[in-house]
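Asks: Protein chains in written order, with my numbering: chain A, 1 to 472; chain B, 1 to 168.
No lab work stands behind these hints, which were simulated from the structure alone. No incorrect hints appear here.
Derived lysine to any residue pairs resembling SDA-like cross-links, with alpha carbons at most 20 Å apart:
id : chain 1 : residue 1 : chain 2 : residue 2
1  : B       : K97       : A       : R422
2  : A       : K440      : B       : I32
3  : B       : K97       : A       : L426
4  : B       : K47       : B       : K65
5  : B       : K47       : A       : W301
6  : B       : K97       : A       : L415
7  : A       : K440      : B       : V31
8  : B       : K47       : A       : T297
9  : A       : K161      : A       : G110
10 : A       : K440      : B       : L24
11 : B       : K97       : A       : P439
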Amino acid sequence: MEERVGIGTSFDVGVREMKILGRKIQIYYCNSLVDALFVIEILRELLRLVNEHRPVSDVKNVIKNHLAHEQVKEIQTMDEAVDNMLSGLIVLFIDGETVGLVIDTRHYPGRQPEEPDVERVVRGARDGFTENIIENVGLIRRRLRDERFRSEILRVGERSKTDVSLCYLKDVANPGLVDTLRKGLKEIEVDGVPMADKSIEEFLVKQGLNPFPLVRYTERPDVAAIHILEGHVLVVTDTSPSIIIFPTTIFHHMQHAEEYRQTPVVGAFLRWARFIGILTSVFLVPLWLVLVLNDSTLPDWLQFLGPHNHKYHVPILLQVLIADIGIEIIRMAAIHTPTSLSTALGLIAAVLIGQIGVQVGVFTSEVILYTSLAAIGGFSTPSYELSVANKIVRVVLIFSSALFGIPGFVVGSTLFVIYLARVENLNTPYLWPFIPFNPKAMADVLIRTAVPLSRIRPSIVRPLDKRRQPAR
Amino acid sequence: MDGPHGRGKKEKSERNTTYGRIVLIGVFGAVIWGLVGYLSYLLNFTKYGPALILTPLFGAKGYFKSDAANQFSGILALAVASIFVGIVYKWTLGRVKIIWVSIAFGLILWVFVFYILQPLVPGLLPVSKLDRNTIITTLCLFVLYGLFVGYSIAYDMTSSESSRTNGQ
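Isolated chain B (complex conformation) (with noise of 0.2 Å):
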C-alpha cells in the first residue's frame, strides 16, 4: 500500500480533512462562542447579542418579531462567516502554533469590526460611546474566540505535518 499511488490518494484525502476540519472549526467555534455570547446578552453583561452581525442587512430591529429568533439567526450568520475566518486564519497565520498569537488575532478581530465595520453597522455605537461592561465582554468573547478557531487551525495544521513526516 506505500507505493506512489497509494501514497498520494492518503496525501489528498489528509488535505481535505484539513479544510473540512476548519469549516467544523469554524462553525463550531461561532456556535459556541455565539451561545455565551447570548448568554452575556441575557444577563445583560453587553449591550449586543449575536444578531448585531445582521443589523447591516435588516436594521437594527432585526428581521423576525422575537428577540431570540433574531439571536438564533444571528448565531447562523456567525457561523457562515466564521467558516472565512477560519479559512483567512488558515491562510495567514496558520503555522504558527503559539497560542498568544490566536489571543492577538481574536483581539485583532474586535478592533476590525469594533473600530472599522462600526459606521457600516447600525445600531452600534462607537466604542468611545460604549459601556465598559460592554466593551470587556465582547473583548473577552472575541479573545475566547480567536483562541479556539486560532489555535484549533494551528495545532491541526502543525500535528498533521508532523505525522506525515513521520509516517514515511
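Chain A extracted, bound-state conformation (with noise of 0.2 Å):
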C-alpha cells in the first residue's frame, strides 16, 4: 500500500498507526482531500475505546460500530482502498481481517453555489452549479423531490478517474436513449478528462467537422430541472459547473431562463427579438454585401443603401472581413483583460478603430454599422456556442456572396438550411420542430406557452409518460 500511493514521496497522503483493543490499526488518508475535523472526530471515538481494556471477540465489529459517521462500507480489494484513499475517503485496515473499512470524510476545494455568469436573469434563483458533483445532483434533487429521479454514477478515465452522473426521471425519460448515453459512457477508454463535460460529449456525439453544437449546456439548477421533467437526459460531470443537455435541437439554444421568468407575452416578445437578433447575425451582412455589390438590380425602395460616400479605397469584401475578424479579436482581447482595463479597451474599440478607421479612409460607415449590427445580434445568442458557429455561417455567406452575387448568397443559404436540416445526433432532427415540422412544438418555440398550459412534454424526447399534468 505505501509502495503504490507513493507514502513518504507525495506529501498529501499518509498513514496514522495505532493500537486498539489489541490490534494494530492503519488510518489512510489524502490530506488534501478530507476534511481534518471529521477524522479527528472519528479518531477520538476509536481512542475512547482504547481506554476500555476488555477483551473483545470481534474486534472489527466493535470499531465498524465505534466510526462516527454515516458512511462505512467495506471493501475487499486493495485497488478499491486505492481508488477510494485517492478520492479523499479514509481507509482504515484492522491487523489480522481480511477486509477494509472506508470512511466518507470527503472536503473537496471547490467554492459556494454562485450565479452563472451566462445564464443571469432578473428575478429568479441566483444558485449555479458548482465544480462539485455531489453539489450539483444536490442542486437538482432539491428541485425534483420525487422518487422515480435516478442519477447513475459512472467513471470515467483510467487515470483520472472522473465521476460522471446520469440524471433523469426513470418512468420520463426514454430508456434507449438512458441506455444509449450509459453504453456511450462506459466505452469510453482515455487516460483522463481534464476537460471534463466537454471531452465527455466529444466522447457521447459524432461532431465531426461541424460547427454547430449538438448539445445544450447548462449552469442553473432550475434549467436542469426544467429539461428532465420534460424528459431530457442530464450528464453531470465532476469537476465542472456545466450540464449537458441530451438531446438538444438548434431551438434549445436560443432559449433563455428569462423568458420563463417574465410573463408570456413578454416572454414571447424578448424571443422574438432574439430570433431577430440570431437572424441579423447570420443573414444580415451577406444580404447588404449582395445588395450593393449587384447595383443593377437594387430595388428602387432600397435605393439609400449603400456606400453614397465612394472615397473608399478598400474592396468592401475586405472590408466586411477585415471588422469581422476585428470584432473577432477585440471580443477575444476583451475576454483575457482584466476588468480594470476593459473600459480603456472599449474606448479604444469603439472611438479609435471605428471612428477614425471611417475618416482615414480604410471603412465606410456602411461597413462598420451592418457589421456591429451582426456583433450584436451574435451577441443576443444565449448559447455562445450557438453564436460562434453562426460567424463562420456568416463569414462561408460572405465569401459566396461576394464570389457569386445573387445566385452565390441563394445557394449558399439554401445549402445552410439543407445541411442543418441533415445533422442528426442522437436520433434527433436538428432543426425539429421546422424541420421536420411539428405545429404544436412550433408553436411552443415562438411564442412562450403559459406552464399551466404546456400539459404535455415535447415529442422530441420521446417520453414514456406523454402528459406533464393529469388529463382533464
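Using the supplied hints, reconstruct the complex from the two chains, each of which is provided in its own coordinate frame.
Replies: Structure follows, in C-alpha cells:
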C-alpha cells in the first residue's frame, strides 16, 4: 500500500498507526481531500475504545460500530482501497482482518454556488452549479424530490477516474436514450478527462467538422430541472459546473431562462427579438453585401442603401472581413483583459478603430454599421457555442455572396438550411420542430406558452409518460 | 383501456391527426416559403413572386390593383395548392425518410412548373429566356419547399408508425 500510493514521496498522502483493543490499525488518508475535523472526531471516538481494556472477541465489528459517520463501507480489494483513498475517503485496516473499512470524509476544495455569468436573470434563483458533482446533483434533487429521479454514477478515465452522473426521471425519460448514453459512457477509454464535460461530449456525439453545437449546456439548476421534467437526460460531470442536456435541437440553443421569468407575452416578445437578433447575425451582412455589389438589380425602394461616399480605397469584401475579424479579436482580447482595463479597451475599440477608420478611409460607415449590428445579434444568442458557429456561416455566406453575387447568396443560404436539416444526433433532427415540421412544438418555440397550458412533454425526447399534467 | 375497442379508437384518431398534420404542413410550407419568395421578389432576386400561381386565372396583371395584395392572395392560393402537393407526397414518397428524396421532389416540382406548366401560365417565360438569378432563386425555393413538406411528412409517417409498434 505504501509503495503504491507513494507515501513519503507525495506530501499529501499519509498513514496513521494506532493500537486499539489489542490490535494494530492503520488509517490511510489523502490530506488534501479530507475534512480534518471529521477525521479527528472519528479518531477521538476510536481512542475512547482504547481505554476500555475489556477483551473483545469481534474487534472488527466493535470498531465499525464506533465509526461516527453515516457512510461506512467494507471493501475487499487493494484496488478499491487505493481508489477510495485517492478520492478523499479514509481507509482503515485492522491487523488480521481481510476487509478494510472506508469512511467518507471527503471535502473537496471548491466554491459556493454562485449565479452563472452567462445565464443571468433579472429575477429568480441565483444559484448555479459548482465544480462538485455531489453539490450539483444535490441542487437538482432539491428541485425534484421525486422518488423516480435517478442519478446513476459512473467512472470515466483510466487515470483521472472522473465521476460522471446520468440524471433522468425513470418513468419519463426514453429508456433507449438512457441506454445509449450509458453505453457510450462505459465505452470511453481514455487516461483522463480534465476538460470534463466537453471531453465527455466529444465522446458521446459525433461532431465531425460540424461547427454547430450538438448538445446544450447549462449552469442553472432550475433549467436543468425543467429539462429533466421534460424527459431529457442530463450528464453531470465532476469538476465542471456545466451540465450537458441530451438530446438537443438548434432551438434549445435559442432559449433563455429569462423568458420563463417574465409574463408569457413578454417572454414571447423577448424570444422574437432574440430570433431577429440571431437571424441578423447570420444573414444581414451577406444580404447587404449582395445588394450593394449588384447595383443593377437593386430595387427602387432600397436605393438609399449602400456606400454613397465612394472615397474608400479598400474593396468592400475586404472591409467586411477586416471588420468581422477585428470584432472577433476585440472580443477575445476583452475576455483576457482584467475588468479594470476593459473599459479602456472598449474605448479604443469603439472610438479609435471605428471612427478614425472611417475618417482615414479604410472603412465606409456602412460596413461598420452592419458588422456591428451582426455582432450585437451574435451577442444576443443565448448559447455562446451557437453564436460562434453562426459567425462561421456568416463568413462563408459573405464569401459566396461576394464571389457569385445573388446566386451565391441564395444557393449558400439554401445549402445552409439543407445542411442543418441533415444534421442528426441521437436520432434527433437538428432543425426539429421546423424541419421536420411539428405545428404544436413550433408554436411552443415561437410563443412561450404559459406553464399551466403546456400539458404535454415535447415529443422529441420520446417520453414514456407524455403528459405533464393529469388528463382532464 | 387496452381492450380491442380502445385500441381501435386510438388508431383512428392517430390516422386523423396524420391527415390534419399534412394539411398543416402543406399550408405552413406554402406560407413560410411563399413569404420568403415574396421577399426575394421584393429584393429583385427573382422576377416572379407568389402571385405567379394566380396568373392562369386572372392574367399576368393580377386581380387586385396593388401588387402586394396580388402577392398575398398568391400565397393563399399556394397554401391551398400545397395541401394537394402534401397529399400526393404522402401517397408516393411518404415512407421514404431520406432528406435527398425530399429535395429531389422539390426539383421535380420545379421542372414540372417551369417546363410542363409553362405554356399554361401567361407571363412566365420559357426557361431558356429566364435570367440566371430567377432560375437559381426559384430553384432554391422549390428545393427548400420540397425539403420542408417532404421530410416533415416522411418523418411524421415513419415516427408515428414506430411509436405505434412500440406501444404494442
